[in-house]
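> The lines below spell out each chain.
Number of protein chains: 2
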Amino acid sequence: MNRDNFKRIPKHIGIIPDGNRRWAVDHNMDKKDGYFYGINPGFQLYEIMLEYGIKEATFYGFTHDNTKRPPNQKKAFTNACVRAVNNLANRDANLLIIGNNKSSVFPSELMKYANNRIKFGKGLININFLVNYDWKWDINNGYTKQNSKDTFIDNIASSDISRIDLIIRWGGRRRLSGFLPVQSVYSDIYVIDDYWPDFKKDHFIEALKWYQTTDVTLGG
Amino acid sequence: MNRDNFKRIPKHIGIIPDGNRRWAVDHNMDKKDGYFYGINPGFQLYEIMLEYGIKEATFYGFTHDNTKRPPNQKKAFTNACVRAVNNLANRDANLLIIGNNKSSVFPSELMKYANNRIKFGKGLININFLVNYDWKWDINNGYTKQNSKDTFIDNIASSDISRIDLIIRWGGRRRLSGFLPVQSVYSDIYVIDDYWPDFKKDHFIEALKWYQTTDVTLGG
Numbered sequence: 238m239n240r241d242n243f244k245r246i247p248k249h250i251g252i253i254p255d256g257n258r259r260w261a262v263d264h265n266m267d268k269k270d271g272y273f274y275g276i277n278p279g280f281q282l283y284e285i286m287l288e289y290g291i292k293e294a295t296f297y298g299f300t301h302d303n304t305k306r307p308p309n310q311k312k313a314f315t316n317a318c319v320r321a322v323n324n325l326a327n328r329d330a331n332l333l334i335i336g337n338n339k340s341s342v343f344p345s346e347l348m349k350y351a352n353n354r355i356k357f358g359k360g361l362i363n364i365n366f367l368v369n370y371d372w373k374w375d376i377n378n379g380y381t382k383q384n385s386k387d388t389f390i391d392n393i394a395s396s397d398i399s400r401i402d403l404i405i406r407w408g409g410r411r412r413l414s415g416f417l418p419v420q421s422v423y424s425d426i427y428v429i430d431d432y433w434p435d436f437k438k439d440h441f442i443e444a445l446k447w448y449q450t451t452d453v454t455l456g457g
Numbered sequence: 238m239n240r241d242n243f244k245r246i247p248k249h250i251g252i253i254p255d256g257n258r259r260w261a262v263d264h265n266m267d268k269k270d271g272y273f274y275g276i277n278p279g280f281q282l283y284e285i286m287l288e289y290g291i292k293e294a295t296f297y298g299f300t301h302d303n304t305k306r307p308p309n310q311k312k313a314f315t316n317a318c319v320r321a322v323n324n325l326a327n328r329d330a331n332l333l334i335i336g337n338n339k340s341s342v343f344p345s346e347l348m349k350y351a352n353n354r355i356k357f358g359k360g361l362i363n364i365n366f367l368v369n370y371d372w373k374w375d376i377n378n379g380y381t382k383q384n385s386k387d388t389f390i391d392n393i394a395s396s397d398i399s400r401i402d403l404i405i406r407w408g409g410r411r412r413l414s415g416f417l418p419v420q421s422v423y424s425d426i427y428v429i430d431d432y433w434p435d436f437k438k439d440h441f442i443e444a445l446k447w448y449q450t451t452d453v454t455l456g457g
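Line order of the protein sequences matches chains A and B. Letter by letter, the first sequence follows residues 238 to 457 of my numbering. Letter by letter, the second sequence follows residues 238 to 457 of my numbering.
Source of the hints: derived by calculation from the structure; they are not laboratory data. Predicted model only: the values in this text are computed from it and were never measured. Mixed in with the good hints there might be a few duds.
Same chains, same names: a pair is fine if it fits in one copy or spans any two.
Stated by the list, open to error - Simulated crosslink set (DSS-like; lysine-lysine; CA at most 27 Å straight-line):
1. K244 with K339
2. K248 with K373
3. K248 with K305
4. K312 with K446
5. K292 with K244
6. K356 with K248
7. K349 with K373
Chain A extracted, bound-state conformation (with noise of 0.2 Å):
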């Protein structure tokens, strides 16, 4: 399956990389040791994302909510977000981390680049990268900044990533765990029962040959 079999391909992609703890467990590692094998996924689906012309994807990194797990599991995934970040800046891609870099929890090697988009090599596809992100902070960001012409959606924290078309998860949960509520209201939600650190190529073609079959209403 190359990019011209799909009649149709979605704009805007979501991804929960979900089950990096659940896969360390059935490989006999701590539950904090997955996160690391987390990385090279996410650049396996960066390279395939600019094979089949994506033009924008968001990752879930870690939420607010996280950090109040295990401090050595935290430790875990923020440095598996920071590693991410380095190895991206290396590549061709437009990066936008949205979180709440008020908090101390927020990784200080990654303020540089928090809340800004910024360009990597050729900028080949925008990535957004949530990291400590908290879906109330977000839409919480409207209110304070609110002047009497906007509505809200024109100054939550997140305002300049876009609405998501298709959103795939891995792990086999059913449900959205706080990611971009705007965003993904009319969302169609692919779930992959692998668990992330196994990502498979056909994993991501099983999504667009599902999105496909989806109608867009945007609740019409």
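Fit chain B to the supplied structure of chain A, relying on the hints for placement.
This is chain B only, laid out in the frame that chain A set:
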């Protein structure tokens, strides 16, 4: 299967009763005629939810987006909603209708019930009904009412509707279509391929069985 067979029962269930028009076409009817056949399933489900001790249920009636459909469809789904409410008024539920009742497409017959909970009979279950609902209107409402101490969540139009544990969608689409984005952030989503007018008790039971297998982390 009865209630005692389940170790965990959702407190609040969201119902997306989709597929009325596709059902009508499959039965050689006009699309608009499907909505009428969607009324009775709602009351079958209401009885089953009482039997299983469900405390709260939210039904997707129609959205503001839906009112852009052809006038005969708009009339048909509006009538179906009015009939459903008139029928519920003879039963035992606490009804809360949430929707923009300042708009001309809000049914005048339901104006007396808009945006205030009303007890019918013994009030055995909280039933929320989204009528001319619009997710942007819902969230934006928080802005206009806000005082500095509140977050937006205290002030959204649907603030009297609690967090949803389980969303069941009929008609095969795997998406939320603007259904209460704030209350749905952590909801588990179960999709039934059958169209809503073909509702049967087994659909509900299979959704409850699946719900038992999920974990509830609320993002943690």
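> At 27 Å max between alpha carbons, let me know whether K248 reaches K373 within a copy, between copies, both or neither.
Classified as both; 26 Å inside a copy, 23 Å across copies.
> Treating 27 Å as the Cα threshold, decide for K244 and K339: within, between, both or neither.
neither (43 Å within a copy, 41 Å between copies)
> Cα distance capped at 27 Å. Does K349 pair with K373 within a copy, between copies, both, or neither?
within (23 Å within a copy, 32 Å between copies)
> Up to 27 Å between alpha-carbons, please classify K356 paired with K248: within, between, both or neither.
Cα proximity of K356 and K248: one copy only (19 Å, versus 46 Å across).
> 27 Å Cα cut-off: does K248 pair with K305 within a copy, between copies, both or neither?
between (34 Å within a copy, 25 Å between copies)
> Given identical chains, is K292 near K244, meaning Cα to Cα at most 27 Å, within a copy, between copies, both, or neither?
within (16 Å within a copy, 45 Å between copies)
> Regarding K312 and K446, is the shortest C-alpha distance of 27 Å or less found within a copy, between copies, in both, or in neither?
neither (37 Å within a copy, 36 Å between copies)
The structure shown violates the earlier hints numbered 1 and 4.
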